[in-house]
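There are 2 protein chains.
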Amino acid sequence: MQKYVIAGMLHSFLTYINEQSLFTPTDKIVLAVSGGKDSVVLLDLFREAKFNFTVAHCNFQLRGKDSDQDAEFVKQLCASHGIPFRATAFPTQTFARNHKLSIEMAARQLRYEWFEALRKELDYQYIATAHHLNDSIETILLNLTKGTGISGLRGILAKKGYIIRPLLFASRADIENYVAEKQLAWREDSSNASNDYQRNLLRNEVVPLLKKINPNLEHTFARNIERIQAIESNFQKNLSEFKKAISQEANDALFLKIEVIQNWQSGAYFLEETLKEFGFNYFQSKEIYRSLCKSSGKAFHSGTHTLTKDREYLIITPKEETTFEELLIDKGTETLDYYGLQLQISNTSIEDWQNYLNTARNSDILWVDADTLNYPLRIRPWQEGDWFIPLGMKGKKKISDFLVDKKVPLHLKKKTLLLCSDDDIVWVIGQRTDERFKVTQGTKQILRIHAMRTANEFAG
Amino acid sequence: MQKYVIAGMLHSFLTYINEQSLFTPTDKIVLAVSGGKDSVVLLDLFREAKFNFTVAHCNFQLRGKDSDQDAEFVKQLCASHGIPFRATAFPTQTFARNHKLSIEMAARQLRYEWFEALRKELDYQYIATAHHLNDSIETILLNLTKGTGISGLRGILAKKGYIIRPLLFASRADIENYVAEKQLAWREDSSNASNDYQRNLLRNEVVPLLKKINPNLEHTFARNIERIQAIESNFQKNLSEFKKAISQEANDALFLKIEVIQNWQSGAYFLEETLKEFGFNYFQSKEIYRSLCKSSGKAFHSGTHTLTKDREYLIITPKEETTFEELLIDKGTETLDYYGLQLQISNTSIEDWQNYLNTARNSDILWVDADTLNYPLRIRPWQEGDWFIPLGMKGKKKISDFLVDKKVPLHLKKKTLLLCSDDDIVWVIGQRTDERFKVTQGTKQILRIHAMRTANEFAG
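From first to last, the protein sequence lines stand for chains Z and B. Numbering of the first sequence is given in the working numbering, commencing with residue 1 and proceeding in unit increments. Numbering of the second sequence is given in the working numbering, commencing with residue 1 and proceeding in unit increments.
For the record, the hints were derived by calculation from the structure and aren't laboratory data. A portion of the hints provided could be inaccurate.
Since copy identity is lost for identical chains, a pair holds within one copy or between any two.
Listed next, the in silico BS3-like pairs over lysine-lysine satisfying Cα-Cα at most 30 Å (straight line) [what the hints assert, rightly or not]: (1) Lys75 <-> Lys244; (2) Lys120 <-> Lys211; (3) Lys286 <-> Lys406; (4) Lys120 <-> Lys331; (5) Lys100 <-> Lys160; (6) Lys159 <-> Lys237; (7) Lys309 <-> Lys182; (8) Lys398 <-> Lys319; (9) Lys160 <-> Lys294; (10) Lys160 <-> Lys146; (11) Lys294 <-> Lys394; (12) Lys50 <-> Lys294.
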């Protein structure tokens, strides 16, 4: 029994990595290890498979000594096997309070940011987390309960950007059997202790009821998921074809050809998915679709766009930005919110800046020479006629040309925001710093501004 | 409040019928009414909307007096409103026992067969049942739990053939509010008293838990369902395109072009859906897909077909029918099972036969002159060289030509079974009677045989 469980798990693990093309044997991987059962098993499988990896542990400092002991446990575990180990600690509660996030959201953001920075620093290919099949099942049930299209039914993705989940093939029971058979030591997982009421309800009450109907629930879901993922990717392909077939862009407006929409099978749903990007919701999309066969030229408004109907086209135009007023930023401001965008402003050291240069680059973070700025700074939407000197260039460039070169899509163009000092543009927010304000050899004080989207309004 | 609930329900009902194109105001409808809350509400809405309909009630005789009182209740309800009423009674338990069906399956089969016969007799367009949104939600959760592709996630269809479900927009709570506000009388629904453990578990335990997460669960699901149905019908369209693109038929074999499968997005899943028809299961399909890029010419076997791989094609051929042995049928046999097909054999009256001629025609039922038969009868698969005299014709016809004319697809052709008397073919089962055995003016005794598929083996 023992050998079977252990060999079977390793075999399934390698098969899954191969089938899902998660990574190749030469890839190097940052392995997220909390010290809980799931991540201890993932670590053990990585070790057995002799993959190239560094263990990364986050101490969220949420449970006092216990948190420190978790970190120590993972450190010792790595030391005993000669596995490279990195750790960090976060002031999670302060961060959550400052950014008005739930503890869970704050931990999530801190964790993934650090993993990504570490991956870049080490020049590794991937970050692996220990999400398993039951996590995925809970996600599907949660999405279904809260409302979803096809993408919410496919579960947790095995690969998304740099993140991979090589344990998604395994059920919670598989993991527990493996831990028991191999007699692995582990620590009570801090994420399980989290207060996620909805997920716990699904895990502890709903799933056990469903297992009364089908004791083999997890493996059935693995097959459901495989099928739904196939259908979802097929649908995404069709959706791209639809968008291409209906769209014409002209004069800062998007024209959607009504005849094509009407003749497309399930055109109503394809239209809904298309209009979502422009901020129109389910009910508006339904009403817009119904209006296609009517003669009236009613206008519809989302938070960001206006849609009008003429004879042959639906015409989508960005809303005039009159609602976006200029906001002044006093010296010493630490955080500020502006139409779904949150800025975190801090003075930082030359060392931090050099460290940043050596590791991650992130266009959502601005580093400027603090002495070049005149307060109050101002934040406002981009206007026709604006220009700046893009970092690394010598001449002026019109913002409009800059956006065209960057191929920023129409519905995001008008949402571009600027940070200004007097009348000069310091930063095309989230996109490019101005040459005149950059940090140089002579810089004495550095101001760091991190722009984060807090709502969909600016997400496009 | 009262007026709002009532008017709101009627409005939603009419909107739903219109949006789903269920029927037009001139259509005539058989309305299935058990006397329970759901069907009483459906009846009331049909009455308020002044549609053309006849109420049909089935007495399954499962609960003694209660069943009779249900029938009487519905009869009186119709009489008081001047609504045309039809009723029938079934010996459900005997039927279930004789046909080895669960009580629930037996009731279902009897019910839908009678509704359809009634619809044809009255020359009506549709049969309406009172399934509601919560029934659909339970179906989705049940399918998800037991394993499904996209088609199990779309819930109960509002329209399928002649069956329509105009109450699918309403939640159980909507129905209960309407009953309360209109003070409608109703009888405890016999279907609710059924012993369907799985459905009751979902209804009484799982759904209430999900409603703790989302109290508006039903309306959220209505939107999920709308989206999934759009995706499903889009997928079915793509699947047809796929089948067309990969298939070539020749010499009784089907050739599937490997290159096209490999280049098709999500080709593995499209192949699985295609091979399902030929009896290949999930695991076989996966293995077949994996074999596409290998050079070996391994063969795969389903219950009915063999799949082999050559350089450019997957080749599917029907299996030689050596496994299907001839079965002898003695006089007096009432039921018999033969490779997924169940035959019910009974002596019947001239009146039954005349009644049948006046109402429904069903190619799954054979009526023959009993005196023309020589026992033991025999049942066997069709073979090359077989011929018969199709009912209504004067000359012989080869079975092979008959199947070609009827455009029976390849994978079903070899599954065609024959009922024989001595060496003569009496019935191409489920397809056509032989002229020599037909019921005539001089017939004294009639044998009736009903062929029902009990498993997928013969379903194709």
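(request) Give the relationship of Lys398 and Lys319 under a CA distance limit of 30 Å: within one copy only, between copies only, both, or neither. (result) Only inside one copy: Lys398 and Lys319 sit 21 Å apart there, 72 Å across copies, limit 30 Å.
(request) Measure nothing new, just compare the shortest in-copy and cross-copy C-alpha distances for Lys50 and Lys294 to 30 Å and report within, between, both or neither. (result) between (65 Å within a copy, 28 Å between copies)
(message) If the cut is 30 Å between Cα atoms, do Lys120 and Lys331 qualify within a copy, between copies, both or neither?
(response) For Lys120 and Lys331, the Cα distance exceeds 30 Å both inside one copy (33 Å) and across copies (82 Å).
(request) Tell me, please, which holds for Lys160 and Lys294 at an alpha-carbon limit of 30 Å: within, between, both or neither? (result) between (42 Å within a copy, 29 Å between copies)
(request) Classify it for me, Lys294 with Lys394: is the Cα-Cα distance of at most 30 Å met within a copy, between copies, both or neither? (result) neither (54 Å within a copy, 57 Å between copies)
(request) Tell me, please, which holds for Lys100 and Lys160 at an alpha-carbon limit of 30 Å: within, between, both or neither? (result) within (27 Å within a copy, 50 Å between copies)
(request) Could you place Lys286 and Lys406 in one of the four classes (within, between, both, neither) given a Cα distance threshold of 30 Å? (result) neither (33 Å within a copy, 42 Å between copies)
(message) Within, between, both or neither: how does the pair Lys160, Lys146 come out at a Cα-Cα threshold of 30 Å?
(response) Both ways: Lys160 and Lys146 sit 23 Å apart in one copy and 28 Å across, limit 30 Å.
(request) Tell me, please, which holds for Lys75 and Lys244 at an alpha-carbon limit of 30 Å: within, between, both or neither? (result) neither (52 Å within a copy, 58 Å between copies)
(request) First find the shortest C-alpha distance between Lys309 and Lys182 inside one copy, then the shortest across copies, and answer within, between, both or neither for a cut-off of 30 Å. (result) neither (66 Å within a copy, 42 Å between copies)
(request) Up to 30 Å between alpha-carbons, please classify Lys120 paired with Lys211: within, between, both or neither. (result) neither (42 Å within a copy, 43 Å between copies)
(request) Can you give me the call for Lys159 and Lys237, within, between, both or neither, at a CA distance of at most 30 Å? (result) both (18 Å within a copy, 28 Å between copies)
The structure fails hints 1, 2, 3, 4, 7, 11 (numbered hints given earlier, in ascending order).
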